[in-house]
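Order-wise, the sequence lines are chains E and C. Residue 91 in the working numbering sits at position 91 of the first sequence; the count goes up by one each step and never skips. Residue 184 in the working numbering sits at position 184 of the second sequence; the count goes up by one each step and never skips.
Derived from the structure by calculation, the hints contain no laboratory data. Some hints here could point you the wrong way.
Unchecked claim - In silico lysine-lysine, DSS-like type, Cα no more than 25 angstroms apart, as pairs:
{"no.": "1", "chain 1": "C", "residue 1": "Lys15", "chain 2": "E", "residue 2": "Lys150"}
{"no.": "2", "chain 1": "C", "residue 1": "Lys15", "chain 2": "E", "residue 2": "Lys60"}
{"no.": "3", "chain 1": "C", "residue 1": "Lys82", "chain 2": "C", "residue 2": "Lys8"}
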Amino acid sequence: MDLLLEGICKAFYLLITFDPEVMGITLLSLRISGTATIISLLIGISAGTYVALSEFSGRKFVVSLINTGMAFPPVVVGLFVTIFLWRSGPLGFLEILYTPTAMIIAQAIIATPIVTGISMAAIQQLPGNLRLQILALGATRFQMLWILMKEARLPLLAAVMAGFGGVISEIGASIMVGGNIKGYSRVLTTATVMETSRGNFEIAIALSVILLLFVFLINAILTQIQQQERPR
Amino acid sequence: MKATPVLKVENLLVKRGGVTVLDISSLFIREGEILTLIGPNGTGKSTVLLTLACLLKPFRGSIIFKGQRVDTHQAIFAYRRKLSMVFQEPLLFNATVFDNVASGLKIRGMGKGDIQRRVMECLERFGISHLGRRSARKLSGGEAQRTSLARAFATLPEIVFLDEPFASLDPPGRESLIEDLGGILRETQTTAILATHDLQEALRLSDRLAVMNEGKIVQIGPPAEVMDHPVDLFVASFVGMETLMTGSVIEVGEGEGAFTVSISGHHVQVAGVATPGEKVVCGIRPEHVTLGTDPPRGKSAIRNVLSGKILKIVSLGLFCKVYLHCGFMVVAFVTRQFGENLSLKVGEDVTASFEATAVHVIRRGK
Numbered sequence: 001m002d003l004l005l006e007g008i009c010k011a012f013y014l015l016i017t018f019d020p021e022v023m024g025i026t027l028l029s030l031r032i033s034g035t036a037t038i039i040s041l042l043i044g045i046s047a048g049t050y051v052a053l054s055e056f057s058g059r060k061f062v063v064s065l066i067n068t069g070m071a072f073p074p075v076v077v078g079l080f081v082t083i084f085l086w087r088s089g090p091l092g093f094l095e096i097l098y099t100p101t102a103m104i105i106a107q108a109i110i111a112t113p114i115v116t117g118i119s120m121a122a123i124q125q126l127p128g129n130l131r132l133q134i135l136a137l138g139a140t141r142f143q144m145l146w147i148l149m150k151e152a153r154l155p156l157l158a159a160v161m162a163g164f165g166g167v168i169s170e171i172g173a174s175i176m177v178g179g180n181i182k183g184y185s186r187v188l189t190t191a192t193v194m195e196t197s198r199g200n201f202e203i204a205i206a207l208s209v210i211l212l213l214f215v216f217l218i219n220a221i222l223t224q225i226q227q228q229e230r231p232r
Numbered sequence: 001m002k003a004t005p006v007l008k009v010e011n012l013l014v015k016r017g018g019v020t021v022l023d024i025s026s027l028f029i030r031e032g033e034i035l036t037l038i039g040p041n042g043t044g045k046s047t048v049l050l051t052l053a054c055l056l057k058p059f060r061g062s063i064i065f066k067g068q069r070v071d072t073h074q075a076i077f078a079y080r081r082k083l084s085m086v087f088q089e090p091l092l093f094n095a096t097v098f099d100n101v102a103s104g105l106k107i108r109g110m111g112k113g114d115i116q117r118r119v120m121e122c123l124e125r126f127g128i129s130h131l132g133r134r135s136a137r138k139l140s141g142g143e144a145q146r147t148s149l150a151r152a153f154a155t156l157p158e159i160v161f162l163d164e165p166f167a168s169l170d171p172p173g174r175e176s177l178i179e180d181l182g183g184i185l186r187e188t189q190t191t192a193i194l195a196t197h198d199l200q201e202a203l204r205l206s207d208r209l210a211v212m213n214e215g216k217i218v219q220i221g222p223p224a225e226v227m228d229h230p231v232d233l234f235v236a237s238f239v240g241m242e243t244l245m246t247g248s249v250i251e252v253g254e255g256e257g258a259f260t261v262s263i264s265g266h267h268v269q270v271a272g273v274a275t276p277g278e279k280v281v282c283g284i285r286p287e288h289v290t291l292g293t294d295p296p297r298g299k300s301a302i303r304n305v306l307s308g309k310i311l312k313i314v315s316l317g318l319f320c321k322v323y324l325h326c327g328f329m330v331v332a333f334v335t336r337q338f339g340e341n342l343s344l345k346v347g348e349d350v351t352a353s354f355e356a357t358a359v360h361v362i363r364r365g366k
C-alpha cells in the first residue's frame, strides 16, 4: 500500500515540478499518438465513408477485414512494421526503424482499422435517403460527403476517442519499432514497462497516473462535446 | 399552367438486380403543372421520382429538361440545382430549423443577407417562422415536414419532386399541410410531381393523374377522366369504382347511343356505342348509385333500377358504404343522415338506381 501511495505522491511531485524527463516523455507520447490518430482519421474516415456508401463486389469481405483489423494485436503490427523497416527489409532504405516516425507508422496502422470500422458504422446508421436528399439540394459529391460527416459527427467522435485511446495506451508495437531510446523514442507506456522491470515502481506508477490522466482528460473533453449535442 | 412540357422522359427502363422495376415509354410534365403518380405501394412511384431527379441511373432512356438532354455529369449537376425533392421522412439535418431551410442556399454559396431574407420568406410561407431557432430534433412530425418543404422551396426550384410527403403525418397535420402546399404550388406556379398512394390527396392537388401498376403507367389524364373512365380493371378498382360487373351486350338501341348489357340475367342500360355479343365489364362509382326503399315514381332520367338486399353497411364517419346483392354486387355511398332516414339495415330490400351515363364500360372483346 505504501508503495502505491508513494508512487502517486511521486507522480504528482513530478507533474507539479514539471520534471523535464517526464515532460519530455509525455510530450513525445502525445506527439506520436496524436499524429498517428490524425493519420488514421484521414485514412479511416475516408475509407469508412467509402465502404459505407459504395456497392461493390467483395464488399462483405472488405467489411470483415476491417472488423478483423479493429482487433489487430499491436505486437503483430509491431512485428510486421519491424520486418518491413529492418535494414534488409522492403522499406529498410528509409532507415527509420527505432525512430518516432516508425512508431507513428505502427500506431497509425493499429488505429486506422478502428477508425475505419467506427466511421463505417457511423455513416451507415444515417437514413438511407439522406445522401440523395443532400444531392437533391444541389450539393457536389464533396459537399455531400462533408454534410454526411457533419451529420455523423457524434459517432465519428467515438472513432477519434477509440483511435487515440487505442494507440496512446499500446505498448507492443511502440517498444518493437521505437526501441525505447531515452529522450528520443521513449513514451509513457514503454517507459512504464522499463521502470517496472527495473523495480522503480514509484516512477512506473507516476508514469501510469499521467497516462491515465491523459486518457481521462481527452475522453472527458470529447464526451462533453458529444453529450452536449445529444438530442433530448 | 403553360402547355410546354418542361420535363420529358422517353423509353425509360430501370432495373434492379437484373429485374425490370420501371418501364415507361413516354412521360412529360407541363410547366406549372402538378402531376401525381398514384398506385399501390411498391409499384415504382418513388423509383420514377428518383430517376427523374437524376438520383438513380436508369438502365436505358433519356431525360429531357427544357429541351436539353440531361445525360452528362455537368448537365446532371446543373439540372439538380434547378430541382428540389422532398421525401416521406423529413430527413432534416442536426441543426436549427433556420439552418435546415438555409442548407440548399449555403450549398449554392449564397450570401448571408440573401439567405436570411429567403429563409425568412420560406419559413413565413410554410407557417413556421416561430420555429426558426428551434433544433430540428425537437419538432413534431408536421413541423418537421413543413421544414423539409420550406428547405425544398427556398432554392426557388423549377420543378419539385414530392415522394409521399404527407404519408407519415397525423390527420390534422396532414390536412393543413395538403391545403397549404396546394396553395403554395399554385401561387408560385411551381411544376411538381407528387407520388402518393392516397387517392384523396391526389385528387385535391393534381392537374393530371398517372396511375401506376407494376412499374408501368397504365393510365394518365385529368382526375375526372381517370376517375370516371378507367382503362382497365386495375385502375377501376384503384380509383374506387367498386361495382364491377361482367356481362355481354345483347341489344343496341338504334340511334339512341345506348345499349343493353346482360349481367347475370339482369339487364343494365348503358349510354354509348357497342356491338351485340361484345363482352364488357360495367363499372359504376358508388357515389353515382342512389338507394331508395321504393322504386322511383313517374318518368325518370334514371334508366336503371335494380332491386337488391343489403349485405353489409360500412360506416365511414359522415358517410356509409352500402353493399347490395342485386344478382351481382352493387356498392353505393350514402350520407349517414340519409341512411338513418331510410333506416337502412342489413338484410333489408332496397332499390339501387343509376343513370345509363353513370355506367363506365371496359371492353373485353367478343
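Hints, verified against the model:
1. C:Lys15 <-> E:Lys150: 33 angstroms, violated
2. C:Lys15 <-> E:Lys60: Holds, at about 23 angstroms.
3. C:Lys82 <-> C:Lys8: 15 angstroms, holds
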